[in-house]
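Asks: Spelled out, the chains give:
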Amino acid sequence: GDSVTQMEGPVTLSEEAFLTINCTYTATGYPSLFWYVQYPGEGLQLLLKATKADDKGSNKGFEATYRKETTSFHLEKGSVQVSDSAVYFCAKWGGGADGLTFGKGTHLIIQP
Amino acid sequence: EAGVTQFPSHSVIEKGQTVTLRCDPISGHDNLYWYRRVMGKEIKFLLHFVKESKQDESGMPNNRFLAERTGGTYSTLKVQPAELEDSGVYFCASSSFGGGLEQYFGPGTRLTVT
Chain A
1 GDSVTQMEGP VTLSEEAFLT INCTYTATGY PSLFWYVQYP GEGLQLLLKA TKADDKGSNK
61 GFEATYRKET TSFHLEKGSV QVSDSAVYFC AKWGGGADGL TFGKGTHLII QP
Chain B
1 EAGVTQFPSH SVIEKGQTVT LRCDPISGHD NLYWYRRVMG KEIKFLLHFV KESKQDESGM
61 PNNRFLAERT GGTYSTLKVQ PAELEDSGVY FCASSSFGGG LEQYFGPGTR LTVT
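Residue numbers (this note's numbering), protein chains in the order written: chain A, 1 to 112; chain B, 1 to 114.
The set of hints was computed from the structure by calculation and includes no laboratory data. Please read all numbers here as calculations on a predicted model, not as lab measurements. Just so you know, not all the hints are guaranteed correct.
Stretch by stretch, here's where chain B covers chain A in the computed footprint (C-beta under 8 Å, at least three residues) [claimed, not checked]:
#, region
1, 18-29
2, 71-84
Below are the BS3-like pairs computed for lysine-lysine, each with C-alpha atoms no more than 27 Å apart in a straight line [what the hints assert, rightly or not]:
#, chain 1, residue 1, chain 2, residue 2
3, B, Lys44, A, Lys68
4, B, Lys15, B, Lys78
5, A, Lys104, A, Lys52
6, A, Lys60, B, Lys15
Computed Cβ-Cβ distance ranges for the label pairs, DEER-style [as the list claims (entries may be wrong)]:
#, chain 1, residue 1, chain 2, residue 2, range
7, B, Val38, A, Pro40, 47 to 57 Å
8, B, Gly40, A, Arg67, 40 to 50 Å
9, A, Ala17, B, Thr20, 19 to 29 Å
10, A, Ala17, B, Pro81, 44 to 54 Å
11, A, Gly96, B, Ser27, 22 to 32 Å
12, A, Gly29, B, Asp30, 20 to 30 Å
13, B, Ser27, A, Thr26, 15 to 25 Å
14, A, Val11, B, Ser53, 33 to 43 Å
15, A, Thr51, B, Asp30, 31 to 41 Å
16, B, Gly28, A, Gly96, 35 to 45 Å
17, A, Glu42, B, Thr20, 36 to 46 Å
18, A, Gly41, B, Val38, 15 to 25 Å
19, A, Asp54, B, Lys78, 24 to 34 Å
20, A, Glu42, B, Tyr74, 33 to 43 Å
For glycine and all other residues, C-beta sits at the position ideal for the given N, C-alpha and C.
When you get a sec, could you build the whole thing from the sequences and use the hints?
Replies: Right under this line is the structure:
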């Protein structure tokens with residue numbers, strides 16, 4: 001069936017480092033793609049989204065580009081901060097009454 | 001505006017007991033979703049309501065799980081009888097548009113079955 005695959009981590013980086021979290025998906029058709037973030041003790045928050053090929057979602061310095069040819073939606077940030085420490089989930093939605101399909105989540109730890 | 005709320009935040013029950021989880025969506029959101037994350041695995045979709053109607057419950061694990069949304073407001077998810085493999089975090093989400101765009105998630109209920 002359709003799935004979302006992302007690096008699981010934990011990923012540990014120093015403050016101001018460059019971040020990439022890879023995400024690939026399988027799907028029939030062209031799903032909408034999302035990155036959600038879960039900070040400690042909180043619920044999932046939508047970080048960014050893209051609804052069609054070549055769209056770039058961006059928010060809080062994070063970016064991800066919908067790549068149809070490689071079925072990918074990698075998350076990037078040029079300079080991470082300690083406050084970015086959280087679990088990041090890649091997800092897709094294929095339409096209709098279905099809910100979101102999530103990856104396993106990537107635990108990101110930023111050290112000062 | 002209040003976000004999605006879930007109650008309780010944590011529940012510990014014994015195998016064979018019954019537990020009821022509650023979700024209050026954002027006011028005015030017709031779409032309500034339940035998801036579950038079992039330790040070490042993906043967050044899995046369980047079911048979707050539009051107002052009080054179930055749209056898709058293909059993700060419900062088995063008939064020990066019963067979800068309701070009477071009156072199209074809050075929703076409950078009952079597990080009866082609970083089994084060890086039901087342990088995990090149960091998330092609720094709501095949205096004002098049809099489908100997956102802009103789903104707002106609650107903090108989750110952590111269920112532990114011993």
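Asks: Check the following: the C-beta atoms of Gly40 (chain B) and Arg67 (chain A) are separated by a distance inside 40 to 50 Å.
Replies: Distance hint for Gly40 (chain B), Arg67 (chain A) is violated at roughly 28 Å.
Asks: Keeping to a limit of 27 Å between CA atoms, is the pair of Lys104 (chain A) and Lys52 (chain A) held or broken?
Replies: 23 Å, holds
Asks: Take the C-beta atom of Glu42 (chain A) and the C-beta atom of Tyr74 (chain B), compute their distance, and say whether it sits inside 33 to 43 Å.
Replies: 21 Å, violated
Asks: Using the Cβ atoms, figure out if Val11 (chain A) sits within 33 to 43 Å of Ser53 (chain B).
Replies: 41 Å, holds
Asks: At a Cβ distance under 8 Å, does chain B reach at least three residues of the region 18-29 of chain A?
Replies: violated (count 0)
Asks: CA of Lys44 (chain B) to CA of Lys68 (chain A), is that 27 Å or under?
Replies: The hint holds at about 24 Å.
Asks: Would you say the C-beta atoms of Ser27 (chain B) and Thr26 (chain A) sit inside 15 to 25 Å of each other?
Replies: 37 Å, violated
Asks: Holds or violated: Lys15 (chain B) with Lys78 (chain B), Cα cutoff 27 Å?
Replies: Holds - the C-alpha atoms of Lys78 (chain B) and Lys15 (chain B) are around 14 Å apart, at most 27 Å.
Asks: Quick check on a hinted range of 36 to 46 Å for Glu42 (chain A) and Thr20 (chain B), using CB atoms only.
Replies: Taking Cβ atoms as reference, Glu42 (chain A) and Thr20 (chain B) lie about 23 Å apart, which means the hint is violated.
Asks: Could you say whether the range 47 to 57 Å given as a hint is met by the Cβ separation of Val38 (chain B) and Pro40 (chain A)?
Replies: Violated - the Cβ-Cβ distance for Val38 (chain B) and Pro40 (chain A), about 20 Å, lies outside 47 to 57 Å.
Asks: Range first: 24 to 34 Å. Now tell me if the beta carbons of Asp54 (chain A) and Lys78 (chain B) are that far apart.
Replies: Distance hint for Asp54 (chain A), Lys78 (chain B) is violated at roughly 44 Å.
Asks: Hint says 35 to 45 Å; check whether the CB-CB distance for Gly28 (chain B) and Gly96 (chain A) agrees.
Replies: With Cβ atoms ~22 Å apart, the hint is violated.
In terms of the numbered hints stated before, the structure departs from hints 1, 2, 6, 7, 8, 9, 13, 15, 16, 17, 19 and 20, listed from lowest to highest.
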